[in-house]
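Number of protein chains: 4
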Amino acid sequence: MIVELSENAPAIDIQKLIERLKWAGLHVSFVQEGVYRRLAIIGKDIDLKYLANLPLVKKIVPSKQPYKLAGSDFKKERTVINVKGHSIGDGTLTVIAGPCSIESEEQIYACAKIVAENGAKILRGGAFKPRTSPYSFQGLGEEGLIFLQKAAAEYGLLTISEVMDTADIELLTQYADILQVGARNMQNFSLLKRLGQCKKPVFLKRGMSATYKDLLMAAEYILSSGNEQVILCERGIRTFEDYTRNTMDIAAIPILKELSHLPVFADPSHGTGLRNMVLPMSCAAVAAGADGLMIEVHPNPDKAYSDAEQTIGPEAFAILMKKVYSGIANVK
Amino acid sequence: MIVELSENAPAIDIQKLIERLKWAGLHVSFVQEGVYRRLAIIGKDIDLKYLANLPLVKKIVPSKQPYKLAGSDFKKERTVINVKGHSIGDGTLTVIAGPCSIESEEQIYACAKIVAENGAKILRGGAFKPRTSPYSFQGLGEEGLIFLQKAAAEYGLLTISEVMDTADIELLTQYADILQVGARNMQNFSLLKRLGQCKKPVFLKRGMSATYKDLLMAAEYILSSGNEQVILCERGIRTFEDYTRNTMDIAAIPILKELSHLPVFADPSHGTGLRNMVLPMSCAAVAAGADGLMIEVHPNPDKAYSDAEQTIGPEAFAILMKKVYSGIANVK
Amino acid sequence: MIVELSENAPAIDIQKLIERLKWAGLHVSFVQEGVYRRLAIIGKDIDLKYLANLPLVKKIVPSKQPYKLAGSDFKKERTVINVKGHSIGDGTLTVIAGPCSIESEEQIYACAKIVAENGAKILRGGAFKPRTSPYSFQGLGEEGLIFLQKAAAEYGLLTISEVMDTADIELLTQYADILQVGARNMQNFSLLKRLGQCKKPVFLKRGMSATYKDLLMAAEYILSSGNEQVILCERGIRTFEDYTRNTMDIAAIPILKELSHLPVFADPSHGTGLRNMVLPMSCAAVAAGADGLMIEVHPNPDKAYSDAEQTIGPEAFAILMKKVYSGIANVK
Amino acid sequence: MIVELSENAPAIDIQKLIERLKWAGLHVSFVQEGVYRRLAIIGKDIDLKYLANLPLVKKIVPSKQPYKLAGSDFKKERTVINVKGHSIGDGTLTVIAGPCSIESEEQIYACAKIVAENGAKILRGGAFKPRTSPYSFQGLGEEGLIFLQKAAAEYGLLTISEVMDTADIELLTQYADILQVGARNMQNFSLLKRLGQCKKPVFLKRGMSATYKDLLMAAEYILSSGNEQVILCERGIRTFEDYTRNTMDIAAIPILKELSHLPVFADPSHGTGLRNMVLPMSCAAVAAGADGLMIEVHPNPDKAYSDAEQTIGPEAFAILMKKVYSGIANVK
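Protein chains in written order, with the working numbering: chain A, -3 to 328; chain B, -3 to 328; chain C, -3 to 328; chain D, -3 to 328.
Take the hints with a grain of salt, since some may be wrong.
Just so you know, same-sequence chains aren't split out, so a pair can sit in one copy or run between any two.
To be verified - Derived lysine to any residue pairs resembling SDA-like cross-links, with alpha carbons at most 25 Å apart:
id : residue 1 : residue 2
1  : K117      : D210
2  : K319      : D86
3  : K109      : M(-3)
4  : K80       : G115
5  : K319      : A48
6  : K60       : G192
7  : K72       : G152
8  : K60       : Q28
Quick caveat, the hints were computed from the structure, so don't treat them as lab data.
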């Protein structure tokens, strides 16, 4: 239930109402946008129709969105996430780039250099890798995170890395500025709940067979556990077309921005699985309104330990950065 | 088999070779691009390795593309289709617009006016409608085509309309400048073969569950029957996501342009089924390299007999045209 | 709208009502099942609520099924189709078998022998083949149909063959007892309408991306054009799983039998594309309530011109026939 | 790499070879089936061709299966799992039944009674529920597990319950005889690795967009971590068909049994999401060769806290048990 509060309702009374509702076992979230103040009240099937008659309450907002906190019915202004001074979702484009896996200190430094020199702000790199085969390279673990953090510091970059297990969250938060949830863990609800208790932004990738609603409900797990800093990411879904690794659902970008206030990124590397499709699909994602891109870059893509076929090299990345930043004025 | 001919091979000898191969029951197509001349030789499992030793032949081009004539291995320069002076696929953007169905003379005139005033060049309108239900409006038939042709003439537009049956091809060619094959008929091979004997360009929409290869093989039916004027169109595929009518596969655009020399259009109206997604997905398609767009426009979208939810009105169309033409310089 | 007629309503009055409704431009179908008599009235948005007050009318049956004639709301007893004395859909199992393509007189005779000796009643064989590539074997045409008919006559079998074009319907009806519509033509509405004017049963295969509703609406095209003899066939849908040619949707069988009164067959050859999966999937289809099976059989499967990997040989077919007939008592 | 050992190779020498390979950092698994003894050697790209020349080695078995331990190339005899005296995968049919969620002590006792009286051997019941919405009932936690264990003991049943987090494994092993991994966690690789160190059988459900290979690689994570007791379960995949909750891929059953030696179950409750489809799809699964079924049963299905529409009641379950056990002789 979403409640719009009267413009002249005293803050103290609102506070009391919230306390009373929480005391009754309900989940209550409050948002203020200019003169508008709203409550999302979620919980047991209590009859709350009497609320409509309170002087505090202007009206009950009809809403069919089951993702109460992630939904645009509750919060109309876009969420802007500030990571150490860098703003995500404020109308500018944010590019995250780096290798699939952190392979060595040298490699991640070389990546960081490419990323920084071309104007991107956030360095990605996996230390715990969700590989289909148990016999594939599983990542360097904490050692990789140390390399990542040092390389990022050297080049003035922020960091993002994937977390696969509730047991690893604490470790990750020491090294990464943003915690990534991979597609395969999008409905790992234990992980989502714990990330909701964390202070770092969460980069939530859409599962391979997740609907928009599934993705927003996954975000809701994080939001309702207390963490409002969630970034959504379209990274391709599974369809019958097997020429590409996945089918990148570009429409997800404007639709998620309509349904929700959260920033929406696109990952054309996983979205297509094809190196030479990263550029046109980056352009398409930006044209469709993406707040940011996540790109797999490696100094020597053919030698990458993982995802080589979808990783681009320094020259291609330089071209991409020029294209997406020159084009942005026209497409927003 | 694709054969690159020697640069100094006399035309008369090439002609003789072609005749001999045809006499042997093979399908032979010839293409000249600057100094490059190539043959595509298709047919029975005859041992043609001896060709490599002919002085006429420079080399056998290794090609795994089963769509010999539609493929970029055979023809490297892009196909440009000239329709009464308007060029399609020459690097500029072509917009086709109009209603789903021709409903009345008045309606199609009103549509033509909107289309022309905003700078689009081709008027669409269905006279034979492939409706899921036999009880839904099935189109005005020939009467509709007469209206379409007159309205287009009035506003200096070209016309396109859908053909659903080999028996209707002759009728359609009298009224439409381009013949459309709908998604449901993409593998109606009888229809494709007959359209191959036709002199008009064919606008071939991707089937709802067609792979890139399926689409290019459908084009190959038309090309191998003698008609080289084929335009491909991405219009969304069926996936598990049901928020949208279809999932628009934007990656199909750059990939089809890589695999083939044929122009590639995008239809964001069917691709999403959602009126307010037509603009961002048009931008995305153009950013990804589309040669053109097909847009459903109606003077009063809510009153459209069919596809109302995905049809835009005059104002939205005016905005779309401005956006896609202003942005194009940056994305090509 | 479905109307249940009073049990004592005189036939003459019902006839008059039907005529009046038809005169008003409505489509009216009548069905009698024991003492129950029902009308399906379809058409323009005329207010027919007054019908509820007629003494002829017992009640208006609430129905959300858009496939009025194919739906179980209108006709509750199962449709049994009689083909020259053989009953389809009467609770017994009907097996259709034969090669993908008719390749020669000898081949189809050899097939007919295998089919007949193992107790199947209907011989399949394609004379016009819907091949993905224009360069693949396209079928023997009328010559093939002559062979099919003669071979079937020799072994006391009925025949079924695929029709791909309205122009071929007349030819096909001379040689085949049942006309097949392939998956790629399931929404070739021109073809469906013409088949509705035909006296032969139509075997309608589910399209690769057709929902249950799409399939039943395709059947509705045939039924509403006057032909009540429609057999539905599940033959696999396109999904992300590429180990099999298609994903066979066994649930379609009991669901289509619940939604409709039409017989439902299964085609495990196309459904899986894998020779050694034809037996277990035939058993599964029968266990789920299929009225019949369509199986690709060839005297020498490895030499089949088309669909070799999914075609079984004489020994495997003999085992299959024994299994499905021994098991049937337990699964119906 | 799979190595078949010489029949007369001394056990002591084999042991030495295994030790040497392990010392070199390779993963080595050994299997004996009658006189046949095989090694699966997995790991770094070491040149192992010299092994072919050892007297111990009979031959190198060519295998393209990436799931070395789960694959039928390594182990040809079917894996039979013994749970406190009950055999799974031995050719007989095992039925697991019970509610989606454990709701109360009374409810799970009532369920256990129904399950036991109809001859099923294993009681299911979720204590930690993976719900799409954070606001839906999340399960009773440990309290629920206590109820489950007591109810099962009362009626002589075994228990199975879902584990969602590595942190919960220890708790689950105290109460459940089999640990279930849900579809959403099929590629939660951290969870899979830890379950590999566990002594209890793992019931691994196929992810909603997992290929056969993905599922077998997920099983490989468990096997390669030391736990050989894995049961696979087909529970439906996501497709465009939305009449059913999922599309049940019955072909997965015989195919997984061909590719692997592990037992294969089917879950028609989740597979269809429709109460009245549970019976025909159970019959189909058994006919296709399933080793077992998992069925959602509740004393009062309409009142179930979760999955009510796909849960059957006591009468329907009684009919189902009779059907599947009477039919089994014919379909195996």
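We went through each hint and held it up to the structure:
1. Within a single copy, K117 and D210 get their C-alpha atoms no closer than 29 Å, and across copies no closer than 35 Å, so neither meets the 25 Å cut-off.
2. In the homo-oligomer, the alpha carbons of K319 and D86 lie at most 25 Å apart both inside one protomer (20 Å) and across protomers (21 Å), since each shortest distance falls under that limit.
3. Taking identical chains as interchangeable, the C-alpha atoms of K109 and M(-3) are never at most 25 Å apart, the minima being 49 Å within one chain and 40 Å between chains.
4. In this assembly of identical chains, the alpha carbons of K80 and G115 lie at most 25 Å apart only when taken from the same copy (17 Å versus 47 Å across copies).
5. In this assembly of identical chains, the alpha carbons of K319 and A48 never lie at most 25 Å apart, being 52 Å within a copy and 44 Å across copies at closest.
6. In this homomeric assembly, K60 and G192 come within 25 Å of each other (Cα to Cα) only inside a single copy, at 24 Å, whereas the closest approach across copies is 43 Å.
7. Taking identical chains as interchangeable, the C-alpha atoms of K72 and G152 are never at most 25 Å apart, the minima being 33 Å within one chain and 45 Å between chains.
8. When the C-alpha separation of K60 and Q28 is checked against a cutoff of 25 Å, the pair qualifies only within one copy, where the shortest distance is 21 Å, while the shortest distance between copies is 44 Å.
Checked against the numbered hints given earlier, this structure breaks hints 1, 3, 5 and 7; the rest are met.
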